[in-house]
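Construct the entire structure; sequences and hints are all you get.
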Amino acid sequence: MALKILSVLVENKPGTLFRVTHMIRLMRLNIEGLTCGVTNGGDRSRITMTVNGDDATLDFLAKQLSKVIDVYEAQTYSPEEVTARELALVKLNLSSVSHLDDKRLQGARIVETSDRSITVEVIGTPSEIDRFIHRFDSSHILELARTGTTAVPKG
Amino acid sequence: MHEISGARAVIETLRQEHVKFVFGMPGGANLPIYDALLDSDIRHILARHEQSAAHMADAFGRVSGRAGVCMGTSGPGATNLVTGIATAYADSSPVVAITGQVPKAMTGRNAFQETDVIGVMTPITKYSIQPLSATEIPSGIKRAFYIATSGRPGPVLVDIPKDVQQEVRDIPFPESVEVKGYTPYVEVDPLAVERAAEMLVKAEKPLIMGGGGIRISNAYEPFQAVSELLMAPVITTLQGKGSFPEGHPLCLGPIGMHGRAESNKLVSECDLLMAVGVRFSDRSTGTFSEFCKQAKIIHIDADPSEFNKNKQVDLYIRGDANQVLTKVYKALVRRISRRSDSNPWLARIAQVREEMKSIPAYTDYDSELSGPKIVRKMREVLPPQTILTTGVGRHQMWCEIHWRVLKPRTWITSTGLGTMGFGLPAAIGAKVAKPEVPVVDFDGDGSFMMTDNSLGTAVDEKIPIVSIIINDRSLGMVEQWQRLMYNRRFSGVKFGKSCDFVKLAEAYGAFAKRVTTLEEFGKALKEGISLDSPAVIDVPVSSEEDVFPFMPPGKSIKETVVGPPKEMAIF
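Protein sequence lines, in the order shown, are assigned to chains A and B.
At position 152 of the first sequence the residue is numbered 151 (numbering that gives the first Met the number 0), and the sequence of numbers has no breaks.
At position 230 of the second sequence the residue is numbered 229 (numbering that gives the first Met the number 0), and the sequence of numbers has no breaks.
It is worth saying that the hints were derived from the structure and are not from the lab.
Among the hints, a few may not be true.
Among the chain A residues that face chain B by a calculated CB cut under 7 Å, a handful are [what the hints assert, rightly or not]: (1) 10; (2) 12; (3) 21; (4) 63; (5) 66; (6) 68; (7) 69; (8) 70; (9) 71.
Here are the simulated BS3-like pairs of lysine-lysine, each with C-alpha atoms no more than 25 Å apart in a straight line [what the hints assert, rightly or not]: (10) A:62 x B:292; (11) B:461 x A:12; (12) B:201 x B:372; (13) B:433 x A:66; (14) A:62 x B:308; (15) B:461 x B:512; (16) A:12 x B:179; (17) B:295 x A:62; (18) B:496 x B:512; (19) B:179 x A:66; (20) B:141 x A:12; (21) B:141 x A:66; (22) B:493 x B:292; (23) B:433 x B:525; (24) B:512 x B:493; (25) B:376 x B:433; (26) B:525 x B:461; (27) B:406 x B:522; (28) A:62 x B:179; (29) B:433 x B:522.
Each residue gets a CB set at the ideal place from its N, CA and C atoms; glycine is no exception.
Shown next as C-alpha cells:
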C-alpha cells in the first residue's frame, strides 16, 4: 500500500464526481485528498484524488474509470511522477505568535488578522504543509483547512 | 415547429428510434407518457411487476440486437426495475429504461413515491440521463439508445420528472447526438491482428473460446470460419453457449462450474487459447491463476477494461468481435489453407470425448424424468430455431450441459447476475421480438414462482410461450450445495405443497398439463408449441439428482468433479 495520485479528466456536468467516487468506494479505498476544478475552457474538469492502495487495485480502478461515460481519461501516478501542490489555510491563536516575523511563519502569507487570531496561507507539497503545521502546538491552531493535492505529471 | 409536451416528445423519439414495443407499468409519475403512448403505434405490453418488464426488454434486446424498452413510475416502480436492470447490466444487454420522477420542485423532499433512482442505479447501468427540460428529452433519449447499443451494450436509464413530461415547448429533434468522453469503437490494431495470426498458425493445440460478445457483434460467421480454417475446437462460456453451432464436430461446449467435462478437461491441455467476447468470469474459469496456465492466451474484446482484469493474457486486441475476427481470418488465409482434420490434437480431443461418454453425469440417472433426459427429449421435439430461455438453478445447468443450441440468438439466460425469475418474462420478451419461432421457458419451480404472475401478461397479451417447470419442490441448486458441502444439512430450501402449477396456470387462463413420463412430456411439449395461447407443463422430478460435472466454488477447473459423490471422480 502506498499513496497514489489518481487524476481523472471528466465532462464538467452534474453527477460526474458521483460516478467517479462510487468506483473508489466499490474498491473500498479511502480518499485522502480530493480536488476538482474546471479546465479546458470550462467544459471539462480535472479531479485529482490521493488514495492509499496497491498498484493492482489502482490500475484496475483507472481502467474501470476510463470506461465511465463522461470520463475522458483516468491515470494513476506515484507521488514522484507528478508535480503536486496543496494549499492550507491555518487560523492561529494570536497569543501563540509572538510577533509577525516569528520564524515559524516563514513561507506563509498572512491573509487575515483579527484581535484574537491570525490566518495564514501556505502553498507547497503535501509534506511541506505537514511540516508547517507541525511547527505549532495543536492547541494554538484554531482552524485548519487543506485543499488536498492537485497535480500534473512531470515532464 | 409546433409546441408539444415532453411526454409526446418521449413517444416521438421512441418512434424515431424504431421502437415498436414497450414493456412496463404506469403510475402517478409517468401518467403523461402513458397518455401520449395511447396516440402512437407503439404497442404497450403490461407487465405485472416492473422487474418482469425489465427482463422482457432485456430478452427482447438479446434476441433482436436492438434496445428493449421498459418503463416504470417513480419510487417503487423504479426500484422494482432494479433486479431486471442489474441482470441486463451483468450480461451486457441493450435496454433503455424510462422512469417517471417526482416533479423537480419536489426533489429531495421525500415526496410521495420519490426515490433517487439515478443514485440507486448508477452502479448497475451503463449510463443514466435526467432531462430537466422538455427540450432535452429527444437528445437525451437518443443518447440513451446510442449508448445502450454501441460498444459493449448495457442498460441506460432515462429518469424524467413529471413536470418535464408536462412541459409544452417547441422541442428540437436532433438527427444525431454526440456523447463526449465515449469512444465505443476503435480501429483494430493491424499489428496485433498479424501477431494473433502468427500465434494461431504456430499453435499445435489451439482452442477457441466464444462468449456473449459473439452474439452481441453478430460474429458467428467469422468465428466459425476461423475455427474451421484452423480446425481448432471451440469451447464457450455459458453466455456464449451457441456462439458456435453445438452440433458441429468442432464444438466441445461450455466450460465452467457446470460445463461439459471434455471442455473443462481440454482447456488445461491446449497450447493456445483465443478467447473472444468473454470476461473470464470466475464461474467459467475457476481459480484464475490455474486457468489455462499452460497456454498462451489471446483475448479479443470490445471493452478494454476487461484485458488482464481476471486473467493475464499474452496478446489482446480491442475491437468489435466481428471486425477483429474477419481481419484475423484474412490474415490466416494469407498464411495457411484449411488445416487437415487429422492431427495429434484432434485425435486427443476425440479420445477425451470418448472417455467422457462413460462418466456418470452423462450416462444419466435412474429416474424416468431426470433433468438430462428431459433436456434431451426437449431437443428432439423442438425445431432448431426454437428460442430457449431459462430461470437460474439446476434446470439451467442441465441445459448448459445437455441442451444443444443450433441457431444464433436462441439461448437466452441470465448468467452474470444469475437472476431467478428471468425465464418466463424473458420468454415473453423473446416471443415479442421473434413471434415466428417457438419460445420455450425451461424453468425451475423456485425460479418460476418469482415471476409467475407474468403468465397474466402472456395470456392477456396473447403471447404464446411454453413454460416447462422442473418441479422438485425445492431450491434444488442450493439443496445440492447443502448436500455436497454442508453435510446434507438442508436449511431453507424445501417448499411445502404450494403451489399446484396446473391450477395456477389455469387460473391465469393458460393451457396446463402435468406429466409423469418422458413420453407424456414430449407429447405435452408438442401440443404446447402448437397452441396460440401460453402453456405450462409441470414436470415433477426428484430433488436428489445433482448436477454433474461440478467444479466446486473456489477450486480450479482441473478439480472438476464428474460424478455423484460416491465416486467423486476428478478427471
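Comparing the hints with the structure gives:
no., hint, result
1, 10, "5 Å, holds"
2, 12, "9 Å, violated"
3, 21, "6 Å, holds"
4, 63, "6 Å, holds"
5, 66, "5 Å, holds"
6, 68, "5 Å, holds"
7, 69, "5 Å, holds"
8, 70, "6 Å, holds"
9, 71, "5 Å, holds"
10, A:62 x B:292, "24 Å, holds"
11, B:461 x A:12, "45 Å, violated"
12, B:201 x B:372, "41 Å, violated"
13, B:433 x A:66, "32 Å, violated"
14, A:62 x B:308, "9 Å, holds"
15, B:461 x B:512, "19 Å, holds"
16, A:12 x B:179, "11 Å, holds"
17, B:295 x A:62, "23 Å, holds"
18, B:496 x B:512, "17 Å, holds"
19, B:179 x A:66, "12 Å, holds"
20, B:141 x A:12, "19 Å, holds"
21, B:141 x A:66, "20 Å, holds"
22, B:493 x B:292, "41 Å, violated"
23, B:433 x B:525, "19 Å, holds"
24, B:512 x B:493, "23 Å, holds"
25, B:376 x B:433, "24 Å, holds"
26, B:525 x B:461, "19 Å, holds"
27, B:406 x B:522, "23 Å, holds"
28, A:62 x B:179, "18 Å, holds"
29, B:433 x B:522, "24 Å, holds"
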